[in-house]
Amino acid sequence: MISDEQLALQLKQGNREALAVLAERHYDALLGYLYRRLWGDRALAEDLAQETFMRVLSASQQYQYPRPFKAWLYAIALNLVRNHHASADTRRVVAVPDTEDDVLPLVEEDGAGEAILLAQDENNAVIAALAALPETQREVILFYYYAALDMPAIAEALDIPLGTVKSRMAAGIKRLREGMKEAL
Amino acid sequence: MTNNGVPPPEQDMDEHSLREVGQFLATWSAPVPDPLKKAMFIEQLRQTAPRLVPVRPPLHLSFQWMWLILRAQMRLVNPLMWVGSALILTFGTVVTLISTSLSSTGNPAALPILLVAPIVCAIGVAFLYGDEVDPPLELQRSMPVSPRLILLARLVLLYGFNLILASLCSLILALVNTDISLIPLIAAWLAPMTFLTGLAFLMSVLFFDTTVSILICLLAWCLLVYRHIGDLVVAPFTAALPDLLQADVRPLLILLAAAMVVFGLWFSEKRWE
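Those sequence lines, one after another, are chains W and Z.
Going by the numbering used here, the first sequence opens with residue 1, and the numbers climb by one from there.
Going by the numbering used here, the second sequence opens with residue 1, and the numbers climb by one from there.
These aren't lab readings, by the way, just hints derived from the structure by calculation.
Given the structure is predicted, the values throughout are model-derived calculations rather than measurements.
Check before you lean on any hint, since a few could be wrong.
[Unchecked claim] For each label pair, taking beta carbons as the anchor points, the in silico distance ranges come out as:
(1) W:Pro134 x Z:His60: 51 to 61 angstroms
(2) W:Gln6 x Z:Pro35: 18 to 28 angstroms
(3) W:Arg55 x Z:Phe263: 26 to 36 angstroms
(4) W:His85 x Z:Leu80: 52 to 62 angstroms
(5) Z:Glu269 x W:Gln13: 23 to 33 angstroms
(6) W:Asp47 x Z:Leu255: 43 to 53 angstroms
(7) Z:Leu252 x W:Ala59: 34 to 44 angstroms
(8) W:Gln13 x Z:Asp14: 43 to 53 angstroms
(9) Z:Leu80 x W:Gln6: 50 to 60 angstroms
(10) W:His85 x Z:Lys37: 16 to 26 angstroms
(11) W:Asn79 x Z:Leu149: 22 to 32 angstroms
(12) Z:Glu43 x W:Asn79: 17 to 27 angstroms
(13) W:Arg55 x Z:Leu223: 49 to 59 angstroms
(14) W:Arg55 x Z:His16: 36 to 46 angstroms
Just so you know, even glycine gets a beta-carbon here, dropped at the ideal spot from N, CA and C.
Chain Z extracted, bound-state conformation (with noise of 0.2 angstroms):
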């Protein structure tokens, strides 16, 4: 026997056995192919190949396919959308210019650009699922695209838009006042704001209903922030949360934010299922 407690093929099977077998075994013949058969067989083989091998198209056309995708996908989004978050960001801006001009505070935690940022990126979030966005069911799945994708390549849009649309508000707010650091303005921001993404993402997903989505981020929000600010106002429950604005929590944040992400996405499809 074996270390393992399995026999040794040759304990029980030597040649002879082996052969011995082999020999009684082969008095069971094989049938000879129909020669005419098999050939029009591999030549059917030939013809059909080119339909089904799935052959990995080159990286450049990958990113094309995606690029169609997005660009098909930001015809369909609401165009207030655009123009609204590019509203409220450079209204935000603004205030924060003046009220930095008047305070001259160099924390970037009391900023307002901050309160505005993750809050606007999320409710734009929170309208890209529901019924009156998505097309019926059936015309989903008739598609090229799988739903999934179509979700994705939205998320990613809203998300990308607000991104670039924030990060230039915090350049020009590090231009214009030289108090405030840029790379530290943007880390303050960056966390909150895809944590808050994340979270529309999801409710809207579980909910699909706009509105149910964008008050759940509104009051997780106000939470975050009462508890950030709570020196001010300690109330008991907020004691009792952590703060997630904290620098040092940012990572898990951003952690949180693509674990609801992935989730929304499985279940946007499993939901029909």
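Looking at chain W on its own, in the form it has when it is part of the complex (with noise of 0.2 angstroms):
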């Protein structure tokens, strides 16, 4: 079977069908590694993996052969997401009563705020516990389970040395196992 990186190749020299055939493989998972990322929004889920696709095919130029597809995919797939948080219309801020008469602002820029009373609402304990991760932790985690990346594809995606996703991958593990303790 030809893989992704020969396809990428083919559609930077021109190959149309190789972006079909490339969206055929990894649509799937990448949807799934969006919708958690996105906790739990599927109909954005929907657009921004559609959307990775089009930035795939309008930026294939600057693909650089053998250098894994799938870092390079999910690396877009990623920019999209901080940018859909970062755009100014998604920048909001939820206030609830603080024990002052002041507001404490709980969105964060990434939604895991939101994610907490999501999880709160429906019990759900996966979602807390992603929540309750610091960002960089996160990521690194979100990608080597729910995009299957191995750890020198995901410090790949992130920019990243591959001993700082090791070291966040540890980390997160061990929040995460306590986390889940907590849920028990």
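Need the complex rebuilt from these two chains, each delivered in its own frame; the hints are there to steer you.
Printed below as a string of structure tokens:
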């Protein structure tokens, strides 16, 4: 079977069919990752999954063979998610009364605070555990488990050293296990 | 701990922990994609791809494209510039021939053609950029070719034309007067001509004024020549200047010219931002 990297190279050289094959292979997994990354917002996950492939198409000349295609694909997806959270219309703050008269900004930029509320509503232990992680650790965990990227690919996608991925992964796993124990 | 202070994954992430966390996270299941939606999207990708995939054109088409740009710009450059450059260089060649037949000097540094060729090219280039030459910015921006590329094409045209013309004049001089060697003669005017061209280009981009650009080039050229022939009249201020017309600084002049052209091209678009 022709590899993803060879298909991406063919796409770069103008073979339009290559993208359809890549989309067939990765669409489902990407949607699954984005769905979790966006705290269960299916409609948005579908939009961003489609947008990711459109970006792959328009940026195909920037792909550097033989770098892992999957890492490149997920890096694009993550950028889209970050842009989405950073855009003015999605940047919002949910204010809840504090013990003082003041208000407390609860929703973080990536919507993790919102996920905490969602988890409380639906009693979803996984969402709560993930939302409790620092964002840097959560990115690594989500890539590892929901995008099935190995650690070198995660390092490539996040553009950080492999050692950093490993240390974030270790810290994330540790915190998740603690969260799991609390949930039980 | 590893050498760089990072814990290896197995230290805190044994297989059991990884699997345990994996099982826990797997309880949050992924949505099943709608097959119809997915098929429609992939079909849409197939149809969109021809418009979006930027395919690099074959080499011969790239050359053809460059030739079309050069040809288009050739028509836009004022015809007087071609005629004027040709006339002045021809005049310089004739004067050089007469003076060498009278004095029969073999020293290329003393030939009038060397004084004429660089400044003629620089004056032509000074006319390339400015209010009178360029169409309004909106018109430039609406073209499929960037203003920077147009400017570069004009520069290549003007410089190339003067280069060929000056080379022909040098060839004629070398053929008619056997005391003159072709290669040393070309080497003597090539570096100053390239330097002055770069200077004229940069000045016209910086000041957006042809007259100012020409005046600066003339002044620079006068100083350089005056410094070079300074054995005759040494003024204190020229003695302090480096002699940039010496043979060993020619590579430096060409490098300076390249740097000025690159900066000029960069600045030509920056100035409107």
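We went through each hint and held it up to the structure:
Range check, Pro134 (chain W) to His60 (chain Z): Cβ separation about 55 angstroms, and the 51 to 61 angstroms hint holds. Under the hint 18 to 28 angstroms, the C-beta atoms of Gln6 (chain W) and Pro35 (chain Z), about 27 angstroms apart, fit the expected range. The supplied range of 26 to 36 angstroms is met by Arg55 (chain W) and Phe263 (chain Z), whose beta-carbon atoms lie about 34 angstroms from each other. A hinted range of 52 to 62 angstroms holds for the C-beta pair His85 (chain W) and Leu80 (chain Z), which are about 60 angstroms apart.
For Glu269 (chain Z) and Gln13 (chain W), the hinted distance range of 23 to 33 angstroms is satisfied, since their beta carbons lie about 30 angstroms from each other. Taking the beta carbon of each, Asp47 (chain W) and Leu255 (chain Z) are about 52 angstroms apart, inside 43 to 53 angstroms as hinted. The supplied range of 34 to 44 angstroms is met by Leu252 (chain Z) and Ala59 (chain W), whose beta-carbon atoms lie about 41 angstroms from each other. Under the hint 43 to 53 angstroms, the C-beta atoms of Gln13 (chain W) and Asp14 (chain Z), about 44 angstroms apart, fit the expected range.
At roughly 57 angstroms, the beta carbons of Leu80 (chain Z) and Gln6 (chain W) sit within the given window of 50 to 60 angstroms. In this structure the supplied range 16 to 26 angstroms holds for His85 (chain W) paired with Lys37 (chain Z), their Cβ-Cβ distance being about 24 angstroms. In this structure, Asn79 (chain W) and Leu149 (chain Z) meet the distance hint of 22 to 32 angstroms, their C-beta atoms being roughly 30 angstroms apart. The supplied range of 17 to 27 angstroms is met by Glu43 (chain Z) and Asn79 (chain W), whose beta-carbon atoms lie about 26 angstroms from each other.
Evaluation of the 49 to 59 angstroms hint for Arg55 (chain W) and Leu223 (chain Z) yields a pass: the beta carbon distance comes to about 55 angstroms. Between Arg55 (chain W) and His16 (chain Z), the C-beta spacing of about 38 angstroms keeps the proposed range 36 to 46 angstroms intact.
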